[in-house]
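Peer 1: The residues making up each chain are set out below.
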Amino acid sequence: MKRSTTRTTAVVATVLATGLLAGCAEELPTPKPEAPVAAAVVTQSQEREILDKVAEVVGKVEKTKDADKLAARLDGPALSIRETQLKVADARGDKEPLTDLSMEMQQVILPSDQEWPRSSFAITVQPKDLTTPVLMAFNQATARDQYKLWGWVRLLPGVTMPQFAEADLGSPAVPEDDESLKVTPKDAIKQYASVLTVDKKSKYADNFADDDLRQFFRDYGKLQVEAINKEECDGSFKVEYEPTKDSVRAVRTADGGALVVASMVSQETITAKEEGCEIGPPTKTTKALWGDADVSNVVEVNYKDMVAMYVPPKDSKDEISLVGYEHVPSSVSNG
Amino acid sequence: MVQRILATLLILAGLGGIGYGVATATVLRESDTVVATATPSGDGTMVVTEPGVLGLVDDQVTVRATVPEGQKVTLALGSDVDVLGWVGDDPYDSVTGLSSWETLSVAPGTAPATEEGAADGEETADASAEKPASGPDPAGSDMWISEVSGETTVSLRWTEEPGRVVLLAAGVGKDAEAPTLELTWPRPVTTPYLWPGVLGGGLLLIIGVFIAIGARRNKNRGSKGRTPSAVRTRQPDSELPRRDAVFGVDGDQSGPSGHEPGGGLPPALGDPVEGGTAVFPPASPVLPGRGQAARNAPEPEPDQSRSWGAPAPFGGAAPITPPPAAEPAPGPAPAPVAAPAASIRGIRRRRGQGSGAAPADPTQPPAQPTPFGGAAPARAPMAPEAPAPAQAAPAAPAASDKPMTRREMRMRDQAQRRAATGAMPTVPASEPEPEPAPEAEQPQTPSSRAAAWRQTWGVTGNDGGN
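Here the protein sequences line up with chains A and B, keeping their order. Position one of the first sequence corresponds to residue 1 (this note's numbering), numbered consecutively onward. Position one of the second sequence corresponds to residue 1 (this note's numbering), numbered consecutively onward.
To be clear, the hints were calculated from the coordinates, so they are not data collected in a lab. Fair warning: there could be bad hints in the mix.
[Said to hold, decoys possible] Computed Cβ-Cβ distance ranges for the label pairs, DEER-style:
1. A:Asp246 x B:Ser100: 15 to 25 angstroms
2. B:Thr62 x A:Ala141: 53 to 63 angstroms
3. B:Gly150 x A:Ala141: 50 to 60 angstroms
4. B:Ile145 x A:Glu115: 48 to 58 angstroms
5. B:Thr62 x A:Glu115: 52 to 62 angstroms
6. B:Leu28 x A:Ala38: 44 to 54 angstroms
7. B:Gly150 x A:Lys95: 52 to 62 angstroms
8. B:Ser31 x A:Thr142: 51 to 61 angstroms
9. A:Pro117 x B:Ser41: 55 to 65 angstroms
10. B:Trp195 x A:Glu166: 51 to 61 angstroms
11. B:Ser41 x A:Glu179: 54 to 64 angstroms
12. B:Lys174 x A:Glu49: 28 to 38 angstroms
13. B:Pro68 x A:Thr142: 23 to 33 angstroms
14. A:Ala141 x B:Thr26: 30 to 40 angstroms
Note that the structure is predicted; figures quoted are calculated from it, not measured. Each residue gets a CB set at the ideal place from its N, CA and C atoms; glycine is no exception.
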């Protein structure tokens with residue numbers, strides 16, 4: 001009897017003790033963060049929202065012609081070029097000068113670097129006007145800035161884009177003085193400016209594959225010169241390119257090379273002999289920009305340019321090749 | 001006494017167990033949510049959670065941020081890199097985890113890589129750190145996964161996703177202060193003690209109740225049947241009246257119930273002096289000639305032991321137990337006859353009836369008025385002898401009316417066949433009465449049941465005796 005009583009008491013005590021202890025002793029959880037993984041710092045859905053926001057601003061300004069609003073989502077060369085395009089379009093009275101910046105993308109190249117500035121790139125689908133797709137570069141200067149459209153180029157017809165890492169993984173940015181490339185991005189753009197200016201006479205000509213832009217200037221210059229020579233005015237045509245101060249943006253390609261986007265300015269000069277020869281603006285756009293200025297024997301057209309090129313890795317035998325450009329006349333003068 | 005204490009303890013423990021089990025599911029049940037608050041330390045206008053804090057308790061978290069009335073506050077969710085990048089060199093508070101279930105631990109955020117710079121121009125750094133002229137507003141950044149802005153209080157729900165998502169809460173605008181954060185997580189609450197508590201407690205309760213009942217019975221019996229131990233006598237004194245009353249009622253009410261006390265409560269017989277006797281007489285009238293005669297005839301003591309299932313312990317005459325009940329069966333027949341029959345039958349069963357010396361029968365019956373208890377053992381030895389078996393024959397008929405009719409019949413037949421005619425007279429006498437048997441049976445059942453119960457729970461009559 002006593003034994004069973006004791007036992008009962010013990011059992012009851014144990015049950016109660018267990019219960020009470022269990023009630024109090026639940027451990028506080030501690031944060032168990034996931035380990036950082038290599039991934040794009042911008043997700044595709046975020047990129048989509050960014051694109052929508054930029055496109056909204058671009059679209060709104062296109063309608064309202066209130067270029068001041070562009071600064072909210074455009075930056076650097078893109079802002080400058082778009083303002084020019086808007087000005088030209090306004091002068092011409094049509095929208096042809098405006099590059100189609102609708103942002104339906106066939107490919108996005110997202111940044112993997114956690115530091116700022118961050119750059120992302122995107123390639124649009126073929127625009128409705130059957131012009132070539134546009135490669136856009138976006139930039140987030142600091143963490144408290146928004147992503148802004150920094151620049152764009154129209155891809156060359158039939159160009160093959162280099163391969164990039166999976167969008168989800170992100171592609172690292174390439175600094176402008178990166179040595180792992182055949183030529184650093186900054187040098188590449190300098191060299192290309194030289195090549196565009198003097199073409200095959202440039203000492204860098206061997207680094208670059210021939211391309212549509214160089215061919216365009218050859219054809220265009222020849223056309224202008226021939227036209228002037230018909231009047232026996234001894235025409236000449238000259239193009240000068242030079243990089244802007246605004247730095248380049250470069251992103252690593254899958255093969256270790258880089259896609260480099262850079263802005264330049266250029267000036268083409270068409271001259272005829274002074275006596276008895278007067279030449280005017282050559283194109284519809286330049287005519288619109290010309291206004292009612294007096295004609296002379298000189299036409300100077302200033303352009304704002306963007307070029308995008310593929311720079312292969314250092315040990316590659318490939319040449320640097322242009323993948324796209326934008327060439328927007330910004331002003332015309334009679335010299 | 002001890003039984004009572006045990007019973008009380010068990011009942012209390014049972015009730016306690018049930019109560020505790022229920023309480024864990026009700027009063028003591030933990031909250032369905034964990035609500036933890038972070039109070040900013042005062043520096044800066046921003047509070048940032050560390051990676052993993054949002055998913056600390058559950059994947060679903062509701063964040064509420066409060067700033068002084070009328071001020072603007074913004075909540076934003078983003079990757080830790082983005083958020084810390086956005087915060088930059090500004091001072092902020094970092095929520096590092098739970099310091100209790102109600103409180104979040106807060107530490108001054110460590111501005112990345114600014115310490116060297118701070119060493120250079122500590123004063124300027126501090127000056128700028130302490131009070132930003134105006135709290136910057138993170139609202140609208142492309143980097144946020146989710147955000148909300150509002151005045152005074154805003155809240156935001158978030159379901160944890162893969163990645164290192166952290167929360168940025170910022171007081172915005174002039175004289176902004178860092179908001180007070182409140183994180184609320186749902187928590188699955190289990191009640192692991194509910195059913196164990198209720199079931200275990202219930203079991204203890206039941207056991208306790210049974211013991212209590214057993215104790216009460218024992219006491220009744222013990223108090224009436226015996227005088228020896230001081231403990232026992234003392235108790236009964238106070239309790240006896242009540243018990244007697246109970247039994248009196250039982251006895252008065254009906255035949256069957258009257259039997260139970262009769263079988264189970266010989267005390268009345270043992271203790272004629274007490275009120276019990278008064279009660280009993282009425283019971284006996286219900287069943288006039290039968291049990292009463294048999295019971296009364298023997299001495300009280302042995303009877304008692306038998307009725308409590310004690311026969312088994314005594315002299316190994318277990319089989320005899322039924323007989324007492326059987327005795328009444330032969331109602332019509334003279335009581336003496338019936339009694340012997342019962343006892344003999346038991347013997348016969350044990351021994352088999354190898355020797356069919358029926359002739360002795362006639363003589364035996366009369367001699368057996370004291371078949372009970374003590375008598376049984378005495379008889380056992382006799383069984384082997386011729387006379388005993390003989391008795392079996394007469395006994396058979398008497399017993400046959402009870403459960404084991406067929407076998408009894410067979411035996412009786414055999415006995416008849418073998419036995420000399422002399423045995424016959426007795427047999428017919430017992431045979432005639434059919435009815436009484438069933439009735440007699442009933443009284444027995446309760447007592448035997450009680451005995452079984454007592455054995456099961458270890459509450460044998462010994463307890464009382466010891």
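Peer 1: Against this structure, judge whether each hint is valid.
Peer 2: Evaluation of the provided hints:
Hint check: Asp246 (chain A) to Ser100 (chain B), Cβ distance near 54 angstroms, so the stated range 15 to 25 angstroms is violated. As the Cβ distance of Thr62 (chain B) to Ala141 (chain A) is approximately 34 angstroms, the hint placing it in 53 to 63 angstroms is violated. With their beta carbons about 29 angstroms apart, Gly150 (chain B) and Ala141 (chain A) fall outside the hinted range of 50 to 60 angstroms. For the hinted restraint 48 to 58 angstroms between Ile145 (chain B) and Glu115 (chain A), the CB-CB distance of approximately 20 angstroms leaves it violated.
One distance hint, 52 to 62 angstroms for the beta-carbon pair Thr62 (chain B) and Glu115 (chain A), is violated here, with the actual separation near 33 angstroms. Between Leu28 (chain B) and Ala38 (chain A) the Cβ separation comes to about 48 angstroms, which falls inside the hinted range of 44 to 54 angstroms. Under the hint 52 to 62 angstroms, the C-beta atoms of Gly150 (chain B) and Lys95 (chain A), about 41 angstroms apart, miss the expected range. Here the CB-CB span from Ser31 (chain B) to Thr142 (chain A) is close to 43 angstroms, at odds with the stated 51 to 61 angstroms.
In this structure, Pro117 (chain A) and Ser41 (chain B) break the distance hint of 55 to 65 angstroms, their C-beta atoms being roughly 32 angstroms apart. In this structure, Trp195 (chain B) and Glu166 (chain A) meet the distance hint of 51 to 61 angstroms, their C-beta atoms being roughly 52 angstroms apart. At about 46 angstroms, the CB distance of Ser41 (chain B) to Glu179 (chain A) disagrees with the hint of 54 to 64 angstroms. Range check, Lys174 (chain B) to Glu49 (chain A): Cβ separation about 30 angstroms, and the 28 to 38 angstroms hint holds.
Checked against the given bound of 23 to 33 angstroms, the beta carbons of Pro68 (chain B) and Thr142 (chain A), roughly 29 angstroms apart, stay inside it. Between Ala141 (chain A) and Thr26 (chain B) the Cβ separation comes to about 59 angstroms, which falls outside the hinted range of 30 to 40 angstroms.
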